[in-house]
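Top line first, the protein sequences correspond to chains A and B. In this text, residue positions in the first sequence follow my numbering: the first is 1, and each later residue adds one. In this text, residue positions in the second sequence follow my numbering: the first is 1001, and each later residue adds one.
Worth flagging that the hints you see were computed from the coordinates, not collected in a lab. Don't take each hint at face value.
Simulated crosslink set (DSS-like; lysine-lysine; CA at most 30 Å straight-line) [stated by the list, open to error]:
hint, chain 1, residue 1, chain 2, residue 2
1, A, 193, B, 1154
2, B, 1208, B, 1169
3, A, 97, B, 1208
4, A, 16, B, 1213
5, B, 1213, A, 193
To give a feel for the contact side, a few chain A residues facing chain B, derived at Cβ under 7 Å [said to hold, decoys possible]:
hint, residue
6, 143
7, 176
8, 177
9, 187
10, 189
11, 193
In this text, a Cβ means the ideal position worked out from N, Cα and C, and glycines have one as well.
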Amino acid sequence: MTDIFSWNRFFDNIPKILPYLSVTVKIVLFATVFGIILGIITAIIRINKIPVLNQIMGIYISFMRGTPMLVQMMLVYYGLPVILEGLFQWNINRWDKVLFVYITFALNQGAFLSEIFRSAILSVPSGQSEAGYSVGMTRIQTFKNIVLPQAVRVALPGFGTDFIGLFQNTSLAFLIGVVDVMGRAKTIGTATKHVIEAYIFIALLFTVVSIVMQLGFFSADKKLNYKNEVSV
Amino acid sequence: MKKNRRLAGMTVISSLLAAVLLGGCSGGTSVESGDGAGDNSAETVIVGTGNAYEPYCYLDENGELAGYEYEVLKAVDELLPQYEFEYVTSDFANVLISLDAGKIDIGAHQYELNEERQEKYLFSEESYTTYITYVTVAVKNGEVQSLDDLQGKKMQVKTGSNTTYILEKYNEEHTDNPIELVYVDNSTDEEIITGLQNGVWDATVVTKRDADKWNYAYGDGADVVKQVGAPVATSFTYFAFARDNTVLQEAIDGALKELKESGELSQISVDVIGGDYTEGE
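Chain A extracted, bound-state conformation (with noise of 0.2 Å):
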């Protein structure tokens, strides 16, 4: 059998896999964005108890937490469509795969945001709030001004983990035909047939992208530190 590592391939395939980082990139952004929207969304209604919705967001947060998203993937992927076209007779099938991606990934990264947001909101002790009424501080101006600076302190460290899970989930994309990373190494195996070199070089870029994160939200964390705002 043929060598089955060779510094050739692996410097071969560097080019050709590294543009395929920016469609991870745009996975991890879309989710981002459209997770932190719906989450902010579901934790305001989750903390507020508004009744019915509550319990809808409840189910979903569940739900989202609860089952693989390779299965959540395959759901929106064949079953959204479905749905929307019972519904509303739109047919959304032909629509580009990666659209299907994007949704995946926002609708799975809103539940577990929400939730890191709900926590970090409730553990503002109350008597943070009151002091802000007890100022004559409306509703909102307490929330902004008091609750969410404090929030955000302690949110931060549970997105960060969450974000650098994001990053790595998106390989799964590939499951459906949606050409990342990941797929792209799988198909230079097929093109070329070798395909350690590849597998070896997408570790290495995971693992290197991970820790400029990794670095990024220590440092943000520690710019929010409390300390530094009480010696000022």
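Knowing the structure of chain A, use the given hints to seat chain B on it.
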């Protein structure tokens, strides 16, 4: 309260599942193509094919779709001015599911015929490749000489393939000592070869040309796999369509026939696969 929530959750999940299952049955009727013969502009036909079966359907150096399926369909498309083909790729198992769901109009992935498939899909009358498969084992494996020798042993198979269908039928007849089928999707050739050599699986089933391809790519002059026994299946491959899409099927059959008569199909086979595998081997 808690119980209610759980109940509601289960209702939602099961209705989603039901929707998907129903989609599998009704998806065929929602395909609109094939009725637009009167249109002046070319009708778009979505072809679903694989991305990991070299040299039939794979992504080349630049990440573009390449291979025999693509070349044949490109030639077919040139003969059919009323259609304009677009290609989407996914892994093998998702191609036929996409056809169910109405996401694609043609499934192209070296499909052999079997009863189960013919119940669900419409196939072209004209074939475009032979497909003769054999039990394939590592060269050093001296024990396995036929399919029957594999009873109680591990065989690598792919979900949804005709080989899997044949072997599942085989196991129904040999319940006392069935072949242990290991379903492995999305594996690359290199993973299969490594698995066969390490003894992860005892055998797999592929065509002679696939085995030759492996020996050429990984053998370094020697053979890495060998094929034993009588053919597991002797068949041809066809394009798959939604059950009611006879208009498209007839158009493609016509074009395939033309390509065969002009010798162009054989030429594509020689150019892409490296031999004429259109009528016999």
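Consistency of the hints with the structure:
no.	hint	verdict
1	A:193 <-> B:1154	holds, 24 Å
2	B:1208 <-> B:1169	holds, 23 Å
3	A:97 <-> B:1208	violated, 35 Å
4	A:16 <-> B:1213	holds, 24 Å
5	B:1213 <-> A:193	holds, 10 Å
6	143	violated, 27 Å
7	176	holds, 6 Å
8	177	holds, 3 Å
9	187	holds, 4 Å
10	189	holds, 4 Å
11	193	holds, 4 Å
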